[in-house]
Amino acid sequence: MDTPSNAPSRRSAQPAALGWRLLALTYDCLPMIPLFLIIGALVLWMYGGRTVENSPALRVLELTAMWFLAGAYFVISWRRGGQTVGMRPWRLVVLAADGNPASWGKLWLRYLVAWLTPGICLLWTLVDAERRGLH
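With numbering that gives the first Met the number 0 applied, the sequence shown covers 0 to 134.
In short, the hints are calculated from the structure, not lab data.
Keep in mind it's a predicted model, so treat the numbers as computed, not measured.
Incorrect hints may have been included.
[Claimed, not checked] Ranges between beta-carbon positions, derived for each pair:
#, residue 1, residue 2, range
1, Ala56, Gly98, 42 to 48 Å
2, Ser54, Ala96, 42 to 48 Å
3, Leu108, Ile37, 22 to 28 Å
We put the CB at the ideal spot given by N, CA and C, even for glycine.
Using the sequences and the accompanying hints, generate a full structural model.
What follows is the structure, given as structure tokens:
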């Protein structure tokens, strides 16, 4: 039987209000800017200095790389400490329902749902009695 001294530690948290979530998301856009610029510069270099508007395949490759890079930023941040850079100032944490860190698969699913339902997953906090988002 687990005693308080050897029981696994679980973090407890209350769902954050929409305003705090939006502040964190806004703050998280800042690290994305240089990462996206690096991808854009690499694609520009690979395409010989020409823009990719005339190459739909290269444009899709560029956008896919940006999507995966943003996803890696969020998922790795959530998995390592439960927080992204934007979540730290407001002490927001991503946890599984049992209070433990979420699994890699669930975090990628969270990112995908947030991406497929822009805004809706956050607005859901306004109608949910416990202020939980869809993701």
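The hints, checked one at a time:
no.: 1; hint: Ala56 - Gly98: 42 to 48 Å; result: holds (45 Å)
no.: 2; hint: Ser54 - Ala96: 42 to 48 Å; result: holds (44 Å)
no.: 3; hint: Leu108 - Ile37: 22 to 28 Å; result: holds (27 Å)
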